[in-house]
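**Q** Grab the two chains, each in its own frame, and use the hints to assemble them into the complex.
One-letter residues, chain by chain:
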Amino acid sequence: AQSVSQHNHHVILSEAASLELGCNYSYGGTVNLFWYVQYPGQHLQLLLKYFSGDPLVKGIKGFEAEFIKSKFSFNLRKPSVQWSDTAEYFCAVILMNTGFQKLVFGTGTRLLVSP
Amino acid sequence: KAGVTQTPRYLIKTRGQQVTLSCSPISGHRSVSWYQQTPGQGLQFLFEYFSETQRNKGNFPGRFSGRQFSNSRSEMNVSTLELGDSALYLCASRISSTDTQYFGPGTRLTVL
Chain A
1 AQSVSQHNHH VILSEAASLE LGCNYSYGGT VNLFWYVQYP GQHLQLLLKY
51 FSGDPLVKGI KGFEAEFIKS KFSFNLRKPS VQWSDTAEYF CAVILMNTGF
101 QKLVFGTGTR LLVSP
Chain B
1 KAGVTQTPRY LIKTRGQQVT LSCSPISGHR SVSWYQQTPG QGLQFLFEYF
51 SETQRNKGNF PGRFSGRQFS NSRSEMNVST LELGDSALYL CASRISSTDT
101 QYFGPGTRLT VL
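Line by line, the protein sequences are chains A and B. Mapping to my numbering: the first sequence position 16 is 16, numbers consecutive. Mapping to my numbering: the second sequence position 63 is 63, numbers consecutive.
By construction, these hints were calculated from the structure, which means they are not laboratory data. Treat the hints with caution; some may be incorrect.
[Stated by the list, open to error] If you want the footprint, here are the derived chain B segments under chain A, 3+ residues with CB under 8 Å: (1) 15-26; (2) 89-98.
[What the hints assert, rightly or not] DSSO-like, lysine-lysine: derived pairs with alpha carbons at most 30 Å apart: (3) A:K49 to A:K61; (4) A:K69 to B:K57; (5) B:K57 to A:K49.
Quick reminder that beta carbons are idealized off the backbone N, C-alpha and C, glycines included.
Excised from the complex, chain B in its bound form (with noise of 0.2 Å):
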């Protein structure tokens, strides 16, 4: 079984721009949650999405929005990027609530 998928793997952005990553989950994984990951703040929860619904959400500013679409699929997309948002934005996957999380390789972030 294919793993978590995120696309693309690298992106390299100006201040001011806005950006839309991809995630697809393991097939049957209809929980798809996001996470910024950096240097300085380790691993910050972002939101989760279960059967197109966001269900959990963490404390970034409304810039950062994500959707799921019907086939489990997300996406994630920040806008007016800052420099501060230059980060390894992970996906994970799970099939129910209290499940493990899969994740997937990241997409690097670079905002210039």
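Okay, chain A solo, but in the shape it has when bound (with noise of 0.2 Å):
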């Protein structure tokens, strides 16, 4: 079965550390790809979304992603994380395939920064 997998559960890092949370998939053909964030006590938010075009998508706040096809990858980055990033967040595919397409999320990672 078609799967997102989040390798980093959780992390910790400190205020003005470099980010990097991994996000991989298992599909072979097309994808329309998602980050989402969820603030303590906040709904979900959409962070960025990939559908086609420049594979390095920027999206709110300072984070951006890389679509790598060859490496099934989505990979989100900040290069300078804050206090107030601490969070959850989800990778999430939706699989460009026939029929009512789900969107399938990773089962998430949690960021917690230190001040």
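**A** Pasting the structure below:
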């Protein structure tokens, strides 16, 4: 079955450190890719998305992600994290084959940024 | 444009009872999906409705059901509640099957 893997379940960083969260999916066809963020006590928000075109996409709050088709990856990056980036981050994929495709989520990565 | 709204925000029930949760999508969005979020299992897909028809279903027992109305509003019903049903239930809407999903704040269900 198609799946989405987030290998880092918990990440702890100090402010100003660089961040990279991994996301891999297992599907050989065309995909739409998303990163969502859930801040403490808040609902899931879209961070960024990739449908087509430039594989390096920029999102809100200084986040970016790179789609590498050959590696089936869509890793999230931020050059310098802030305390306010403490949240849970979810990678998600829509598999673009026939039919009505659901959004498949990874298990999430909890990021704690210490001041 | 108003976001996805869910009611109620918090709910406490006892085992064996049933519960109905409501979701109003963003105006113009015809697809509504439901998810269960728990600390142990993460985000698990329940089902998705588009134009009043169920288009996708996750691996949940038949106690979990849903429906969508002609105005795209959706309800989710859980019958014969179990302790393990305690979770945050999230609703999301999107325009089409390949578009971005936008999430509501969720309904926190506690089963005692």
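**Q** Confirm or reject each hint.
**A** Going through the hints against the structure:
1. Chain A is given as covering the segment 15-26 of chain B, and this is violated because 0 residues of the stretch bring a CB closer than 8 Å to a CB of that chain, at least three being needed.
2. Coverage of the segment 89-98 of chain B by chain A holds in this model, with 4 residues showing a Cβ closer than 8 Å to a Cβ of that chain against a need of three.
3. With a C-alpha separation of about 14 Å, the suggested pairing of K49 (chain A) with K61 (chain A) holds against the 30 Å cut-off.
4. Annotation: proposed proximity of K69 (chain A) to K57 (chain B) holds, straight-line Cα distance about 28 Å (limit 30 Å).
5. Taking the CA atoms of K57 (chain B) and K49 (chain A), the gap is near 24 Å; set against the 30 Å cutoff, the hint holds.
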